[in-house]
Amino acid sequence: MSEMLLPSLILIPLATAAIIAVVPSFFDKQPEKTEGFYLPFSGLIALAGSSLTGLVSFYVLAEFVVGEGGFQFTSTTPWVDSVGLSWAFGVDGISLFMVVLTGLLFPIALITTSAHHDSKAYHVWLMMLMAGSMGAFVALDLLVFFLFFEIVLVPMYFLIGGWGHGNRIYASMKFFLYTMAASALMLVGIVSLVWLTSGADGPSFDYRVLLEAVTADGFAAENETALTFIFLSFALAFSVKVPVFPIHTWLPDAHTEAPTSGSVILAGVLLKLGTYGFLRFGVGLFRDQIETFAPLFLTLGVIGIVYGAAVATMQKDLKRLVAYSSVAHMGFIVLGIFALNSQGLQGAVLQMVNHGLSTGALFILVGWVYERRHTRQIAELGGLQKSAPILAAVFTLVMLSSIGLPGLNGFAGEFLILLGTFQSGRWWAVVAVSGVILAALYMLWAYQRSFHGPADGENAEMKDLRPYELAGILPLLFLIVALGVYPRPVLDRIEPSVEALLQTTEERPERPGVEGIVAAAEEAEEHGDDDYGEDSHSEDSGDDSHAEDKDESHSDEDQSDEEPADDEASEKVDQ
Amino acid sequence: MIEQLLQVQTDSPEVAWSLIAPLVTLALGGILLITISSLIPSLKDNWFPAAFTAGTAAAAMVFVVDIWDRVSSTGPEFVVANSMSVDQYTVFVTGVICISVFLVSLLFHGYLQREGFSGPEWYVLILMSASGGVLLASAEDLIVTFIGLEILSIAVYVLASLHLRRGESQEAGFKYFLLGALSSALFLYGIALTYGATGSTRLTGISQSGLNERGLSPAVDSSMILVAMALLMVGFAFKVSAVPFHLWTPDVYEGSPSPVVAFMASAVKVAGFAGMLRVFFVGFGPYVEDWRPLLQGLAIASLVVGSLLAIAQSNVKRMLAYSSITHAGFILIGIYAAADPESRSNGGVLGAEAFLFYLLAYTIMVAGTFGVITLIGRRDDGRHSLDDYRGLFKSNPVLAVLMSALLFAQAGIPFTSGFLAKFRVIAAAAQSEAYVLAGVAMLASVVAAVLYLRIVVSMFLVDSPAEADEPDALPSGLSAFPLAGVTAVAIAVVATIALGVLPFGQEILTDAAEAMSAMR
Numbered sequence: 161m162s163e164m165l166l167p168s169l170i171l172i173p174l175a176t177a178a179i180i181a182v183v184p185s186f187f188d189k190q191p192e193k194t195e196g197f198y199l200p201f202s203g204l205i206a207l208a209g210s211s212l213t214g215l216v217s218f219y220v221l222a223e224f225v226v227g228e229g230g231f232q233f234t235s236t237t238p239w240v241d242s243v244g245l246s247w248a249f250g251v252d253g254i255s256l257f258m259v260v261l262t263g264l265l266f267p268i269a270l271i272t273t274s275a276h277h278d279s280k281a282y283h284v285w286l287m288m289l290m291a292g293s294m295g296a297f298v299a300l301d302l303l304v305f306f307l308f309f310e311i312v313l314v315p316m317y318f319l320i321g322g323w324g325h326g327n328r329i330y331a332s333m334k335f336f337l338y339t340m341a342a343s344a345l346m347l348v349g350i351v352s353l354v355w356l357t358s359g360a361d362g363p364s365f366d367y368r369v370l371l372e373a374v375t376a377d378g379f380a381a382e383n384e385t386a387l388t389f390i391f392l393s394f395a396l397a398f399s400v401k402v403p404v405f406p407i408h409t410w411l412p413d414a415h416t417e418a419p420t421s422g423s424v425i426l427a428g429v430l431l432k433l434g435t436y437g438f439l440r441f442g443v444g445l446f447r448d449q450i451e452t453f454a455p456l457f458l459t460l461g462v463i464g465i466v467y468g469a470a471v472a473t474m475q476k477d478l479k480r481l482v483a484y485s486s487v488a489h490m491g492f493i494v495l496g497i498f499a500l501n502s503q504g505l506q507g508a509v510l511q512m513v514n515h516g517l518s519t520g521a522l523f524i525l526v527g528w529v530y531e532r533r534h535t536r537q538i539a540e541l542g543g544l545q546k547s548a549p550i551l552a553a554v555f556t557l558v559m560l561s562s563i564g565l566p567g568l569n570g571f572a573g574e575f576l577i578l579l580g581t582f583q584s585g586r587w588w589a590v591v592a593v594s595g596v597i598l599a600a601l602y603m604l605w606a607y608q609r610s611f612h613g614p615a616d617g618e619n620a621e622m623k624d625l626r627p628y629e630l631a632g633i634l635p636l637l638f639l640i641v642a643l644g645v646y647p648r649p650v651l652d653r654i655e656p657s658v659e660a661l662l663q664t665t666e667e668r669p670e671r672p673g674v675e676g677i678v679a680a681a682e683e684a685e686e687h688g689d690d691d692y693g694e695d696s697h698s699e700d701s702g703d704d705s706h707a708e709d710k711d712e713s714h715s716d717e718d719q720s721d722e723e724p725a726d727d728e729a730s731e732k733v734d735q
Numbered sequence: 028m029i030e031q032l033l034q035v036q037t038d039s040p041e042v043a044w045s046l047i048a049p050l051v052t053l054a055l056g057g058i059l060l061i062t063i064s065s066l067i068p069s070l071k072d073n074w075f076p077a078a079f080t081a082g083t084a085a086a087a088m089v090f091v092v093d094i095w096d097r098v099s100s101t102g103p104e105f106v107v108a109n110s111m112s113v114d115q116y117t118v119f120v121t122g123v124i125c126i127s128v129f130l131v132s133l134l135f136h137g138y139l140q141r142e143g144f145s146g147p148e149w150y151v152l153i154l155m156s157a158s159g160g161v162l163l164a165s166a167e168d169l170i171v172t173f174i175g176l177e178i179l180s181i182a183v184y185v186l187a188s189l190h191l192r193r194g195e196s197q198e199a200g201f202k203y204f205l206l207g208a209l210s211s212a213l214f215l216y217g218i219a220l221t222y223g224a225t226g227s228t229r230l231t232g233i234s235q236s237g238l239n240e241r242g243l244s245p246a247v248d249s250s251m252i253l254v255a256m257a258l259l260m261v262g263f264a265f266k267v268s269a270v271p272f273h274l275w276t277p278d279v280y281e282g283s284p285s286p287v288v289a290f291m292a293s294a295v296k297v298a299g300f301a302g303m304l305r306v307f308f309v310g311f312g313p314y315v316e317d318w319r320p321l322l323q324g325l326a327i328a329s330l331v332v333g334s335l336l337a338i339a340q341s342n343v344k345r346m347l348a349y350s351s352i353t354h355a356g357f358i359l360i361g362i363y364a365a366a367d368p369e370s371r372s373n374g375g376v377l378g379a380e381a382f383l384f385y386l387l388a389y390t391i392m393v394a395g396t397f398g399v400i401t402l403i404g405r406r407d408d409g410r411h412s413l414d415d416y417r418g419l420f421k422s423n424p425v426l427a428v429l430m431s432a433l434l435f436a437q438a439g440i441p442f443t444s445g446f447l448a449k450f451r452v453i454a455a456a457a458q459s460e461a462y463v464l465a466g467v468a469m470l471a472s473v474v475a476a477v478l479y480l481r482i483v484v485s486m487f488l489v490d491s492p493a494e495a496d497e498p499d500a501l502p503s504g505l506s507a508f509p510l511a512g513v514t515a516v517a518i519a520v521v522a523t524i525a526l527g528v529l530p531f532g533q534e535i536l537t538d539a540a541e542a543m544s545a546m547r
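Going down the list, the sequences are from chains B and A.
Start counting the first sequence at 161; every next residue gets the next number (this note's numbering).
Start counting the second sequence at 28; every next residue gets the next number (this note's numbering).
If you're looking for bench data, these hints aren't it; they were derived computationally from the structure.
Do not rely on the hints blindly, as some may be mistaken.
Computed, partial: chain B to chain A, Cβ under 8 Å [to be verified]:
#1 Leu212
#2 Leu215
#3 Val216
#4 Leu307
#5 Phe318
Here are the computed lysine to any residue pairs in the SDA-like style, where the Cα-Cα straight-line distance is at most 20 Å [what the hints assert, rightly or not]:
#6 A:Lys421 x B:Pro184
#7 B:Lys623 x B:Gln545
#8 B:Lys623 x B:His276
#9 B:Lys334 x A:Ile338
#10 A:Lys421 x B:Lys334
Where chain B lies over chain A, by a calculated footprint (3+ residues, C-beta under 8 Å) [to be verified]:
#11 113-124
#12 350-363
#13 455-463
#14 473-487
From a predicted model like this one, the values you see are computed outputs, not experimental measurements.
Using N, Cα and C, we set each Cβ at its ideal position, and we do this for glycine too.
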């Protein structure tokens, strides 16, 4: 039973897609104009299938053993033995919430949006997208992960190209080619890694086997150059998917032109594939390389935060604004990952969930505004608060969560990320904090322009939320508040896996050659700070250093006392 | 030597018919078909020739299975005075060629009816050409190789120009013939030089003369053999349309009748690759260090040129011609990895598996793709511009979905045989530490994806122009298309996805790959 749990997350949506495909489109005839809740027959099947998948994912969440860092619900079915391929699935605290997020967002996207034509094909693609995203998050075989990582491009491509707005064909091609080009080299990287680690048992693509091989004594030092190249091939693929500045340019186009459901899934689920990849495979398999390149990615993350926010401020199109805010938020997540300590990683995972909830909700809201007003230009909107008070209230809540207001979910994640980054790279954190302020600026300004003020013309007559729409978005609102007030249950599940991820890599012998970082770490060590060079604390056991971590994180004054010495350390890291 | 020749003539060799049964079946099937059709003329206009050809391919396939079992237990068998060898490699390639013949014969049926041609000659030529391909794949002597190559090619020259109403078809046939003749001449010159250098045209003889040759035995003129190898390589490169010997491909693919292109792109290429591999593995195995770099050059050139030039095209057949050039680059990488002298034990087999799997997957994909093109071409087979595919999803959703599945498979999207084929090639290349080659291949496949996406965009995302009153508008509904052709395409799609998801046939592949690696 539990063996089939994760595969069923993939198979149920796939079967749903097949059922929709064979049901004659005769049943799908859409009535002329409908007010109120309406789903065509194919949509009902899709809703049933995705809800069932969502329920299975909640069941996984409920059955997940808290406090264990390893993979649970694992199953392995051999595929191509000669090269060591297998259908290996499993979840840990990191992928668990991605699975749940996927299981939650798809049914919500189905309720809150609808296809304006060809609803049958639309729902087939959505269900295939769900199967692909689920597969990527539960796959433990590196190649199977790659398969799902790639296959999600196809349904998304059709969703953007077939049901998108204005420049949809350009946007869908750009989306497809950008991401495919970036991940092409990852395939070479994956097979190279597998051959590099291939031992007496023959090659294997299983993540757990690979992890064991790369953490073996001396392996990382021996194959440093090869691992660096392989890491770069992985990093490129994930960076485009995240997207990291400066290779984010496909995202605003794709988001703006995509249909609402496409944007919700793209922001909520697909972007997470990039950060998830960094977490699972980057931090797991390439710790040395991650450390070497951390300053680069921290810098790019910070640039993403500031740049995304600055560009968002200038946007005239509400949806494009949300898209650029996505770039900024994903920058935060990158920052958290490359902080490479427990708080940072936990914050990153939490923020991945938060971003999925709040940006997903924002896209749904913008979609509703567009559906009612047929424009997304901020200049043409105004005074919507008067005509649609409930919509405005919901928008306010979601917007505040996106800004990171304390008490809502965005705050918890960003706070943890900044906390983690502050310990490993103080100046990056300092600059990143400005992103929170900028977020308040662009969000509030956009809200002010489109919801406040006098309402004229069509703006005055805009319809408020229908009950079913409110019901559809309510789960997101609930989670936005709940995770903001009490994120502990989520963090309890994330923490052991994050610790395990850091643990495996800390046990590795010290690696020479990164003088700058090691020196910085030593410098920091004198002041009791915990910098990158955790591997230089060879006498410290992993647990001790984490205990240290926590003590510090709970007493911010300690750190500000040490500021002068720390500046030196950070400067050295810069060099 | 003359005495030797006489001896061969007087002692006519013993022929193990049962081992060359597929070859004989294909050739005999062609002869029988033309005989029956001449005796009973009423048969030639209906389903009979197509069914007979498909049946012949199926019968040959039965023999393939039987011989597979035999050579699995006995090991490679040399037949007809050692001029042909039957091993698992040959049998595998024969099977692939039979699959191609089967699919193509189904495509021909509706095509000929639509174009108003009658007569069995199309089918006869296909069967003849296929028998040449089988001969080419199993030839152990350069002379036999040449005979196989010519039987394979000449039939296809005729097929290319057989659409009598289309000027482009005549032009394509003529062009193909001229360049084919040139490549044959070069090939023959290569054989002559090989004979001059080694004193043998027999592949084993050639390799034995070179065995002690890495230190250069005085008997072998090494510069002469280098030139000979280069010429032979060029001869094969023409057949498989590897850059820079690809110039005929776009024109010929565009002009030739569509189902003929399906055959050309699948069986002819497979046979060309199979022959190339046997000649170089068996005959020039000791010189692997000399010819392996050539493969690398051809592969990179094919990948880069094929994928880049495809973008500029607006004719679907030309696009797919360039895509077949890109595929040739991938297959060449498979050979390159299989020929890796460093990892004879393991890496070679992996490369061989990649090569053979690619041949199989590619044959099915490309036959299916050109199958859809055949169905959509309308009368006179001339409507192949990208615009003619606009709105296909609206008018014929099933065909559009089948076509896009095949195109995505060619692009190497996961859960299709196309992905697994590319993955195997990349894995083999990485194991031979040909990282640059692997990287170029993957990037080329991304560039090539543009062309597949353009076709998909045309079918799905662009509405068809208002052409309701156009006389030869594409009929909507699947029933308007010939059942046999649709069946062939459906088989191709099912096989493409099944090969990409299910792990069956792995032992077969490994056995054939081991036989292939053992040839070196």
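| message | Hints numbered earlier in the text: which of these fail when held up against the supplied structure? | response | 1, 2, 3, 10, 11 and 12
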